[in-house]
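Residue numbers (our numbering), protein chains in the order written: chain A, 563 to 698; chain B, 48 to 578; chain C, 77 to 506.
You may find that some hints are simply not true.
As the list claims (entries may be wrong) - Computed list of lysine-lysine pairs in DSSO-like fashion (alpha-carbon distance at most 30 Å, straight line): (1) A:Lys668 - B:Lys367; (2) B:Lys501 - C:Lys84; (3) B:Lys367 - A:Lys594; (4) A:Lys690 - B:Lys451; (5) B:Lys305 - C:Lys105; (6) A:Lys633 - C:Lys390; (7) B:Lys293 - C:Lys353; (8) A:Lys633 - C:Lys373.
Said to hold, decoys possible - Over the 10 Å line for every Cβ pair with chain A, so calculated as not near, a few chain C residues: (9) Pro80; (10) Asp117; (11) Ser217; (12) Leu219; (13) Arg242; (14) Lys262; (15) Arg289; (16) Lys290; (17) Pro325; (18) Glu333; (19) Asp340; (20) Asp375; (21) Val377; (22) Gln378; (23) Leu385.
These are computed hints drawn from the structure, not numbers from a lab.
Since the structure is predicted, the reported quantities are computational estimates derived from the model, not experimental observations.
Using N, Cα and C, we set each Cβ at its ideal position, and we do this for glycine too.
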Amino acid sequence: MDNNTSGYSGPRGFAGVIAQQIEPLNSSLAFKKAYENAKPVRILLNATNTDHAALLIVENGKVQVKGIENKPASNLSRKSAGWDGFISCSTRTFLEIALGRLSMLKMLLKLLNGDIKVHAILKVLQFKKIMEYLGK
Amino acid sequence: MVLDKDIHAELAAIVGLANIDDSDAMTDVYAYNWCMEVVNQMEGKDPVPYSPRPLAVVLPSTTDEVVGIVKACNAHGLTFKAQSTGLGPWNNPSTDNCIILDLRRMNKIVLIDEQNMLAVVEPYVSGAQLQIELMKLDLNCHMPGAGPQVSPLASATSMSGPGFTSPSTGHSSRNVLGVEWVLPDGQVLKLGAAGLEHEPGWYSGDGPGPSLRGIMRGLHGAKSGLGVFTKVGIKLFPFPCKVNWKVTGLSPHYQFEKPELMKWYIVDCKTYKSAEAFVQRVEEHEISFICSVLSNFGVSAIFASSIESLLGNAVLAMTKVPVVVLVAGRTRREFEYKTKVMQCIIEEDGLENMAGTKFEPPSISYAEALRSNLGLHGFIATGAFQSSHGIIDTLGVCLNATKKNIPVKMKYINNEQVANDFGEAVWSTSFEHGHMHHAEMLTLYDQTNPECVKGIADYFNDCNAMDLVQHLGIPFFIDGDARHDWYGPQCSNYNTWLRKIKTALDPACTADAGFYISPEKASNTTRNEKV
Amino acid sequence: MMAPEEYKRMVKRCLRCSICKWIPQVQIKNVNHATICPSMDYYNFHAYSGGGKIILANSVETGRIPMSDAVRDIVYKCTACGGCAVACKHLNSLEPLDIIQALREKLVASGVGPMPSQRQYIDAVKQAGNPYNQPAGQRASWLPSDVKTHEDADTLYFVGCTSSYRRKEIAIATARILNAAGTRFKVLGTNELCCGSPVLRAGDASSFKELARKNIESISALHVKKVVFSCAGCYDMFKVEYPRVGNVPFDVVSSSEYFNQLIDEGKLVLKNRVPLKVTYHDPCHLGRGAEPYIEWKGDVVQMLPMVSLNVPEKPKRCGAGGVYEAPRRVITRIPGVQLVEMDRIKEYSYCCGAGGGVKSAFPDFALHTGKTRVAEAETTGASCIVSACPFCSTNLQDAIKESGSTLQYKDVAELLLDAIDTAPPARPKK
Chain A
563 MDNNTSGYSG PRGFAGVIAQ QIEPLNSSLA FKKAYENAKP VRILLNATNT
613 DHAALLIVEN GKVQVKGIEN KPASNLSRKS AGWDGFISCS TRTFLEIALG
663 RLSMLKMLLK LLNGDIKVHA ILKVLQFKKI MEYLGK
Chain B
48 MVLDKDIHAE LAAIVGLANI DDSDAMTDVY AYNWCMEVVN QMEGKDPVPY
98 SPRPLAVVLP STTDEVVGIV KACNAHGLTF KAQSTGLGPW NNPSTDNCII
148 LDLRRMNKIV LIDEQNMLAV VEPYVSGAQL QIELMKLDLN CHMPGAGPQV
198 SPLASATSMS GPGFTSPSTG HSSRNVLGVE WVLPDGQVLK LGAAGLEHEP
248 GWYSGDGPGP SLRGIMRGLH GAKSGLGVFT KVGIKLFPFP CKVNWKVTGL
298 SPHYQFEKPE LMKWYIVDCK TYKSAEAFVQ RVEEHEISFI CSVLSNFGVS
348 AIFASSIESL LGNAVLAMTK VPVVVLVAGR TRREFEYKTK VMQCIIEEDG
398 LENMAGTKFE PPSISYAEAL RSNLGLHGFI ATGAFQSSHG IIDTLGVCLN
448 ATKKNIPVKM KYINNEQVAN DFGEAVWSTS FEHGHMHHAE MLTLYDQTNP
498 ECVKGIADYF NDCNAMDLVQ HLGIPFFIDG DARHDWYGPQ CSNYNTWLRK
548 IKTALDPACT ADAGFYISPE KASNTTRNEK V
Chain C
77 MMAPEEYKRM VKRCLRCSIC KWIPQVQIKN VNHATICPSM DYYNFHAYSG
127 GGKIILANSV ETGRIPMSDA VRDIVYKCTA CGGCAVACKH LNSLEPLDII
177 QALREKLVAS GVGPMPSQRQ YIDAVKQAGN PYNQPAGQRA SWLPSDVKTH
227 EDADTLYFVG CTSSYRRKEI AIATARILNA AGTRFKVLGT NELCCGSPVL
277 RAGDASSFKE LARKNIESIS ALHVKKVVFS CAGCYDMFKV EYPRVGNVPF
327 DVVSSSEYFN QLIDEGKLVL KNRVPLKVTY HDPCHLGRGA EPYIEWKGDV
377 VQMLPMVSLN VPEKPKRCGA GGVYEAPRRV ITRIPGVQLV EMDRIKEYSY
427 CCGAGGGVKS AFPDFALHTG KTRVAEAETT GASCIVSACP FCSTNLQDAI
477 KESGSTLQYK DVAELLLDAI DTAPPARPKK
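Isolated chain A, as found in the complex:
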């Protein structure tokens, strides 16, 4: 990993923030049970106002977060990053989604006006579902 801060080898930037939130799920029995036999899924979360997107890789009941530099944009293509679903928006919107503060209507409006870009929305909605396991 290209991060020369003493002792840290995790994903950078926004990806590091996501990793900090999500990777504790690997200690959750409820999460493991729900996802150990589920089809693997890779969801890309791109915070447009930062430099690093987060690729969530969920398989065999575990979740891993990989950081990908989001410039040039080609880094985030399906071919390069290998995602099944993709959501791109600002960090503010990500927070609103993660904290359940964005109603479906508001989400739709943001989709329509381009504040949120999504590919394979059903895959992306799994991110919200995964977040619900926090604390379980």
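With chain A held as given, fit chains B and C onto it using these hints.
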């Protein structure tokens, strides 16, 4: 303005040469305060964190010295402003002919009366210092939300007074007993039992000496506008539980030996209606040491030590309307009873306690709760915050205001002038067994960004107007002539009465009136407020 | 040496909460031992606090007040103990001590600072290699003739100016202990130069950097692997400040840490009982001040306007990385010694009063602070204060004498020597 040499000599003769300083360096430091930039913005001035500079700062050590200084100010047409630990713009002068009395040298615990559960303190005793002495006697004191490093005397006499532990330790305004008060003309007035000619005491603020608590401080305190308070008797309370005060580890990651008979509850009520019902039940049963409605970021903050750990408390950040309750017992039977009642309430209301299941409160949070240190966590996210509203009313009014405030605040959030907390940031607490509640809406901002300062000032003005028009109580920061004269006519002309009090006690306006009110027929302030 | 952008950003952000005047609130156990700022305790005006000096820095930076003697006096009436920084950073993220240091550097650069007595000792360092203006040729005069040193040793004992000229008993005790352990070590002797601590603390950063480079160069040329320090100030310089100037290619070890290692390895046998009840005073420069700066090259992620996260979390120097356990371990390993703690210890220890150029510029303030600390030590019931710094030694002993206290003072090395007793004591018994 420069302090006249003769006046300097006169003041130096009172306090000693080492205890007066009129240098630019010193007086400019005292002109600075937290949120002063917001006050300036609201008054149409440059949004700098500085008030007018005082002429000098003096450090009296006795009531007699305070009297001497006040009389000298009267003699020379100067004003004065008293402060102890000095947090907040209401400690600052509103004119440039002001002497600041920094009461730091008046720092004695005068008396602790264990049997009658009262303490008498001077201005610069901190809440933590008093608590340490009280813990030896299994007693506790009230500390305001501003933290244990501030002055219980200042809170009791000069500022509002709600605290995290208010369910157990009351409200500073209600805890005042005898008072020693240097009036703006230099007379010393002793209130309540302290006013007895023979064998004065401190046990009562209501008599036999004058009972002037309401006149002295009203709802939100005199903010130095009515003289100097040099001693105050305050009520004490039983310490909530046995504790072996053992803090281990190194800063900032301390650990604490959790008291056996103490338990956190973090309950996401999801709606304000549900929160109102829940809190009302908890308070009616008189079982809480702390009972506060917070917001998602608020509850994350009180259990965090950095912004990273704040946002790392994801489970808490996902709550909608969290209520935190801390229950404590002095005996096992008491604790078991209280926790049983809590459990019943939680189950009957269809709620869930997240503490100990989805989230483990750090051990140090127990120490911080006991030491009333939770309020300082509000500074973690952006380094600055201030509160709007500041309601003291029923819980229904408090939470109604919280809800109504959301769209008002969202406007400024969307303009990126205040930090985004979804508009929901609130801290409420209750006192007198749930009879009264306090709520303030915290606002995080960047105090160094003029756009943010403008935004928060406009937002505060909106909040003040909202409180008036929608009958949401009188908020914290209705102070100074213009705001009192704006609010007063809608509230039985209280401003007229306030002005009468000021005129009776301080016709020459020697006590700086910037955050109080000017006397009748005289306006000694240079505050030019836009409302 | 604070980055100018960070200085400009931080000086605007003090909230005037006054937390900097107190030890961390949850650590307060005694009404009389609740404060952490010696300047506030002596001078009382708010400007003397850590926060007050940040505000002062802002007033200067924004042009509201000029650099002046009044500014200088406020800034230098401060032992630069770092207590304010520990208190502030418990929850906030300002750097009061770094700002005070930067303000001193600005005062020196503008010609207004430092204090005249500090200017004198800076000149003495430049001319005589020590702030006491003592002949450089006498620097090694502390070394007893029966102490063995080895020119080919790969361990250097860096003695420091204060132990060389003033507190020779500390140097003697340390050297005798190393001999007793069979450690092959050498000293620089008359070639030893001041570490630069008094120069840096007074705000003369450029002179300090010159000294630091010279010292790193001269010691590196000796190809030593390890340098042992019995002076907290020197240790702080080599551990914390020198790496900010250049690469330090040898291990920097405090004598306490080294003594523990020698005991662990069986090289030191503590056969004498020393029946003493002692309390340990944490020197600022061995404790909270000795936490190295960790270069952070993470990412700042703006989550919301005004709310940014550091990934990874930025290390916060709150004093946790200082040397606290090593001296205590040495003390408690000595048979017969009972260690009792004061109320203000470790990262929230109360300063002895000597540092930051205060001993020379404001001796009354230094003594008052020392007496405050001695009074606190007396409340433990101990008969002896132990510390690990020759500067603390001087000021605390002055304070003991001045206050008529019956407390003894010993350095950790002296106490350990009493337990070993293979040679004459470091100083004559009374």
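Hints versus structure:
{"no.": "1", "hint": "A:Lys668 - B:Lys367", "verdict": "18 Å, holds"}
{"no.": "2", "hint": "B:Lys501 - C:Lys84", "verdict": "21 Å, holds"}
{"no.": "3", "hint": "B:Lys367 - A:Lys594", "verdict": "26 Å, holds"}
{"no.": "4", "hint": "A:Lys690 - B:Lys451", "verdict": "28 Å, holds"}
{"no.": "5", "hint": "B:Lys305 - C:Lys105", "verdict": "17 Å, holds"}
{"no.": "6", "hint": "A:Lys633 - C:Lys390", "verdict": "25 Å, holds"}
{"no.": "7", "hint": "B:Lys293 - C:Lys353", "verdict": "22 Å, holds"}
{"no.": "8", "hint": "A:Lys633 - C:Lys373", "verdict": "20 Å, holds"}
{"no.": "9", "hint": "Pro80", "verdict": "22 Å, holds"}
{"no.": "10", "hint": "Asp117", "verdict": "37 Å, holds"}
{"no.": "11", "hint": "Ser217", "verdict": "43 Å, holds"}
{"no.": "12", "hint": "Leu219", "verdict": "39 Å, holds"}
{"no.": "13", "hint": "Arg242", "verdict": "38 Å, holds"}
{"no.": "14", "hint": "Lys262", "verdict": "32 Å, holds"}
{"no.": "15", "hint": "Arg289", "verdict": "24 Å, holds"}
{"no.": "16", "hint": "Lys290", "verdict": "28 Å, holds"}
{"no.": "17", "hint": "Pro325", "verdict": "18 Å, holds"}
{"no.": "18", "hint": "Glu333", "verdict": "21 Å, holds"}
{"no.": "19", "hint": "Asp340", "verdict": "26 Å, holds"}
{"no.": "20", "hint": "Asp375", "verdict": "4 Å, violated"}
{"no.": "21", "hint": "Val377", "verdict": "5 Å, violated"}
{"no.": "22", "hint": "Gln378", "verdict": "6 Å, violated"}
{"no.": "23", "hint": "Leu385", "verdict": "6 Å, violated"}
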